[in-house]
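A.B. asks: Spelled out, the chains give:
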Amino acid sequence: MKWIISKNNQVISLNEIPVLGIDELRNEIIKQYKTDKRVVGFFGCAEYSNVRLYTILADDNKSELLISSVRFMAGEKSYPSITKDISAFQMFEREFYEEFGIEPVGHPWLKPVRYSKNRFDKTQKIENYPFFKMDGEEVHEVAVGPIHAGVIEPGHFRFMCNGEKVYHLEIQLGYQHRGTESLFENNNNFAPHLAESIAGDTVIGHAITYSNAVEALLNIKISDKAELIRVLALELERIAVHIGDLGAISNDIGYLMGNSVFGATRTLVINTLLSICGSRFGRGLIRVGGVAFDIDIELSEKISKTLDKVLKDVDKMTETMFSSASVLSRLEKTGTLSMEKAKMIGLVGIATRASGLSLDARADHSWGWYKKFSFDKEILESGDVFARTHIRYKEIKQSMNIIKELLNQIQDCKEDILLVKSKNQLLGNSMVVSMVEGWRGEAVHTALTNNEGQIFRYKIKDPSFNNWYGLALAVRNNGISDFPLCNKSFNLSYCGNDL
Amino acid sequence: MLEILLNIIFLLTFPFLFIGIINKTKAFWAGRKGASVFQPFYDFIKLLKKGEVISTTTSFVFALSPSLMFASVIFAGLLVPVFNHRAILSFEGSFILFAYILALGKFFSLIAAMDTGSSFEGMGASREASFSTLVEPAFFIIMASIIALSGNYTFQSLSLILQNSGSFGYLIIILSVFALFIMMLVEGCRVPVDDPNTHLELTMIHEVMVLDNSGPDLAFILYGSGMKMVILASLIANLIIPTGLSLFYSVIAFVGIIFILAIIIGTLESSFARLRMTHVFEFIFTMSSISLIILSLTMISMNKHGG
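Just so you know, the sequences run in chain order V and Z. Following this note's numbering, the numbering of the first sequence begins with 1 at its first residue and continues without gaps. Following this note's numbering, the numbering of the second sequence begins with 1001 at its first residue and continues without gaps.
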């Protein structure tokens, strides 16, 4: 057996995971890619002096996860790169190389992912990042960051331009690397708070991903009501961020009306989260075993009323915005990412759905309440900034419908307990993969436990990890002055990538 | 004497009010209360009190440029007729000096931006230069047409179009107002050409050129660009206001038109997205094509009237 078949949130024993030779695994991966599998996890794990490399492929059609592994002995310091054949592995292989020093030979783009901390070779520094160089009379480089104007996260962007036209953009991140993954090890009791801080804009998304993983390992089932509130919060987060993004996109093209209307509307949504759990970003709501705050009848009516108003405002504003020629001329055919490229580099989330790929973990790898109803993915095909903007509007409407449905059902389970307390130990010697479609895309957490039931490896993949390279491809051959707009249409997380 | 005094007061105070009114209009459309219309003036005072940071990579050009730019704008302002269509300095061909004294100031702000060695500022300078080169010929074609029509070689010609052009007079005035309005948006770096509010260096044109300036230098740069807009707005007002009004009505009409222009700009900025950089050229070309239409209308009406 070359792969063990698992599912989202399903615990498997580490002993059951096949150990292949690297060449065998490499061929297997290439074979699986021909039948539309894609990588969601590719990470190493120290085992005494050896390194075990786990590979997780997702089969989105069958809602399955294929897991396999390779063991590198202490002396083995290289293997033939997979990226040569499958570009989607480029970030994963770079990350693996950086952490364990096992070189993917033939990797076209073996650059550092993050800085310091758990890098095997500590001599690599920011000063010697191997940037590409471009020569030519008209060619010039524009370096932006790592410190930017405005209050945003640090990241360095280097444009290779001919006049106003961008030939290539190199994105160098890693400034915020803070060793998040290692902090999850050894069952820390601050782990739920930590999960909420993986990416500040996906608090609920990551908190649910973490909780789902740990609950699977604890072998507990949370109540229907807790499940419902989780989904409701996740969709509220999606609505809030999407509306905020529509405002930010308006701002970047100098469309002030959109900026002010969407800005005001977003506040209504995050204030709804505030009235549920006391935090506008949903901190403290999701806990292992369920949720920490209830939604009573009064509150559910209030939520419903607020959302009606939000929907009305958003409908009206987007209608005005999308019928304005000056707006459309900025959004359409800007920063186009074709479906082929999106598929090639393994793009996920709204960005990939805007490029015509049908990928939504809520439907493909559903959990909890999402299993109970049929789910139509919102997909657009043009792959430009307009598509990424428009898809946000469509998803806002979709999430509104989901929440309406949830609020109707919340009465049926009002007797349920919110938080299941469990005295169980985590299952030992096990692995669980948890996938949640946050607003940006799928967050994937993989937890591995040792014999004593302690988490000894916790792997996080924020959707930004897949998508940053998509941004670099999207701005090629665009005007450099359109970069901020393209950037905002992806709206990726720096800290989610840097971990 | 009173006129000169009023003229100078107008030139010195209206740059603040003009920008203040634009911002207030934008706030109104955004549903905000907005800052006071005197805020640009408070900002000016605030900047004057601040210290200055000058990059060590810059040379004397950088230190010289803000004062030169401001001097050029204020000099250009003296050439423009304000109330009663009379300028403080007026002589035949003054519009040529007007255009080039402004160009001199711009030239220095361009080389000062390049002087900093920042790739952003170089980019901004190249954008500003390419837009200006397109605006300049259009401005001269319009001025030349108007002068040919009115037979007066000073800026006073702006108010004399109707007397000599017969049936095309109003059409030429409307077209000239429109063309000069575009010029005002380009030179003043307003939406849809530039976004004065953005924090995104990569999309800026004018703002990015003054990124390195601070304190009093920045105060005068901002003051100067406000004044430049007021001067261009004055040209438009001159086109619209008929001759022969008493000083009192002339002042009221003039100030009214300036305020209306500021409100129009604010409304435009609230309802349109700014253009994609490559489309800005097309926007400026509309000014060029209008100027050519004005030129042909002028030639036709001069033939008719045996001019």
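It should be emphasised that the hints constitute simulated quantities derived from the structure, not laboratory data. A virtual CB, placed ideally from N, CA and C, is assigned to each residue, including glycine. Don't take every hint at face value.
Unchecked claim - Mimicking DSSO-like on lysine-lysine, the simulated pairs with C-alpha atoms at most 30 Å apart in a straight line are:
(1) V:K309 - Z:K1024
(2) V:K316 - Z:K1049
(3) Z:K1046 - V:K309
As the list claims (entries may be wrong) - Simulated DEER-style distance windows between Cβ atoms:
(4) Z:M1001 - V:V139: 47 to 53 Å
(5) Z:G1051 - V:N186: 50 to 56 Å
(6) V:T267 - Z:Q1163: 54 to 60 Å
(7) V:S323 - Z:I1174: 47 to 53 Å
(8) V:E185 - Z:S1271: 19 to 25 Å
(9) V:R178 - Z:R1032: 23 to 29 Å
(10) V:A143 - Z:F1285: 30 to 36 Å
A.B. asks: Against this structure, judge whether each hint is valid.
C.D. replies: Each hint tested on the structure:
no. : hint                         : in the structure
1   : V:K309 - Z:K1024             : holds, 28 Å
2   : V:K316 - Z:K1049             : violated, 46 Å
3   : Z:K1046 - V:K309             : violated, 42 Å
4   : Z:M1001 - V:V139: 47 to 53 Å : violated, 60 Å
5   : Z:G1051 - V:N186: 50 to 56 Å : holds, 52 Å
6   : V:T267 - Z:Q1163: 54 to 60 Å : holds, 58 Å
7   : V:S323 - Z:I1174: 47 to 53 Å : violated, 28 Å
8   : V:E185 - Z:S1271: 19 to 25 Å : violated, 54 Å
9   : V:R178 - Z:R1032: 23 to 29 Å : violated, 38 Å
10  : V:A143 - Z:F1285: 30 to 36 Å : holds, 33 Å
Violation of the numbered hints given earlier is confined to hints 2, 3, 4, 7, 8 and 9; the remaining hints are satisfied by the structure.
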